[in-house]
Amino acid sequence: MIRLAPDQSAQIRRTEKVEFTFDGTAIWGHAGESLAAALIRSGRLHLRDAPEDTDPRGAFCLMGLCQECLVVLEGQTVESCRIELQPGIDVTSLRYGADG
Amino acid sequence: MLLLCGTAQMADLIDILVVGAGPAGGNAALAAARHGKHVVLLDEQVKPGGQIWRAKDSSILSAPQTPESSAGDALRAQITKAQIDHRGSTRIWQIERQTEGWDVHVLRDGQVERLTTKTLVLATGAHEFVQPIPGWTKPGVFGLAGATALFKQNLSPPGQRTIVSGTGPLVFFVASEICRLGGTVAAVVTPNTRRDWVAKLPALARRVDLALRGALWIVHLMMDRIPIFWGCSVVSVEGVARVESAEIQKLDANWAPKGETWSIDADSLCLGHGLIPSIEAPQLSGVTISYRSDLGGWVPDIGEDGATSVEGVFLCGDGTGIRGAAAAELHGTLAGLSAAEHLGARTAKERATLRSRFNRAARFGLAMTALSTPRPGLAMLTKPDTIVCRCESLTQTRIAQEVEVGAASTNAVKSGLRAGMGPCGGKYCQTAIARFIAMHENRPEAEIPPSAPRPPLRPVPVSALSADFDYDDLPIPKPAPL
Ligand SMILES: Cc1cc2nc3c(=O)[nH]c(=O)nc-3n(C[C@H](O)[C@@H](O)[C@H](O)COP(=O)(O)OP(=O)(O)OC[C@H]3O[C@@H](n4cnc5c(N)ncnc54)[C@H](O)[C@@H]3O)c2cc1C
Ligand code: FES
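Chains as they are written, first to last, in the working numbering: chain A, 1 to 100; chain B, 1001 to 1482.
Some clues are possibly wrong.
Derived list of chain A stretches under chain B, where covered just means 3 residues or more per stretch with a C-beta under 8 Å from a C-beta of chain B [unchecked claim]: (1) 8–18; (2) 25–35; (3) 54–68.
Treat the hints as calculated values from the structure; they're not laboratory data. Quick caveat, the model's predicted, so the values are computed rather than measured. All C-beta atoms in this analysis are idealised placements derived from N, C-alpha and C, irrespective of residue type, glycine included.
Using the sequences and the hints given, assemble the complete structure.
Here it is in structure tokens:
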């Protein structure tokens, strides 16, 4: 099949992969990308529970407005879409629900 | 650059402070600097570029250029060359009138700071409107415009298999970018029909370059055998703790859903229904607003070349109406020149030559806005138990109850239910609530203004507020849940 919209993903050069943890699980991402981008690529979409009804939520606006991507980093609640991934950080989701 | 914190240091008086470093604000800063003014350019993004030309993050070592990345690089190079004092990662959260000009309160590196300026150019752009649908809060649903931030900044697709659903040209751009970045598009779904597009041919003919690019996106998708469902919308999202599939339904001419639905599997969904001018900063500076459906909703009242009735305040770009990036660049230059003129420069001739180009670019942009703006029937996608206010998990039924007992404005719904007082500051529910009230009470949207903005415009951690400032009367929103 002719592909007019070429897949350019192989032409993108990124920084080396570094390890960090999300809820205790080791995950790899590229140093300097947003934490949300690394989590989305690894398939971790459920970042927090809604405080009122504990429904699962994840990154939505990807630009620091909606506050749906909040996670905990070093005891602080941060917008994962606006935080740069650093090697070795420990990130936890904001969970209230039972399903985990 | 030193952080001017607390009262430790008094800030210098800036000539022109530009808020927003997109096509509008970036060009405003360049124009004012050309006339010798002391310009400071602030933006919450790390680098200039705004939404359309958002810069890549530091994880990208090299990548093929796109029209957006090239245009952004050109703007960034000009700003560096002009030695404009650009401060990135800086969020503006309050604007106050002072005797000498304006105090602008910003948050940077977790610290608050106050800048004082003689004049303000506000170029805060737009944010997107998403009509709430059942399941739109599930992880894996992203805003259609928001997803482009992931493409431009991180060069990543939103998932392995994505449905793209929304209005106007953006839906095709998003689908095409997902293919380019190695993702798979399960389907493109758009409320617009082919006939809607044909009706815009005269406007498209004015910008053959942009029209061709759009046509190519569609040809690409067709060659890749990606289904395009015209005159349809995603109407609900299924999945346990994330997107697993989405239901699609045909829409009538008014965009109300009708007929049978069908389901498509996907792990992600990009969903969006047009842009809304971000008017909070102009409102805080005292600029009045009016309803203009052709411009995307409520817009600040502006005169020629971005001037306002508030002395020393100039506005430009999509924050004054969704006219698109080409118009935003020219509008930015015009507003930057107006601000310089206000401080004594002579710019009338330069502005006169730019005005007709701006008007031409705006005509094309407004044709795209007309395709993107939701028709009233789309509000029917929101069902009684659909969450409308994401922050407080408030359903349409709860909001309807508040409206029944007499809340006839978004302000009243806000004070009754806290809808719009959560951490997002109402950016993702206020318009949906206003449209709901309009539909429910059979009143025009023009009668239901957005609630008055209250600082902070962006979430400010309590820890950042230093005792030296008089913040006692500030209604700090509920802290983010811990
Ligand atoms: C998410 C999104 C993606 C878009 N993608 C495209 C696209 O790919 N192609 C296209 O043709 N059009 C796109 N648009 C439309 C877009 O708005 C363009 O028309 C163009 O970017 C408008 O330029 P502007 O300078 O007026 O605003 P913008 O480019 O939006 O610039 C406004 C700037 O102000 C900053 N800002 C706003 N409020 C604050 C604050 N309180 N503190 C600090 N900084 C602040 C923002 O970070 C932003 O950089 C997009 C719009 C949005 C909302
Ligand atoms: S995804 Fe909306 S704030 Fe991060």
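Against the structure, the hints:
Residue count for the region 8–18 of chain A with a Cβ under 8 Å from a Cβ of chain B: 8. That meets the three needed, and the coverage hint holds. Check result for the region 25–35 of chain A against chain B: holds, 5 residues qualifying (beta carbon to beta carbon below 8 Å, three or more required). Under the rule that three or more residues need a Cβ within less than 8 Å of chain B, the assignment of the region 54–68 of chain A holds, with 14 such residues.
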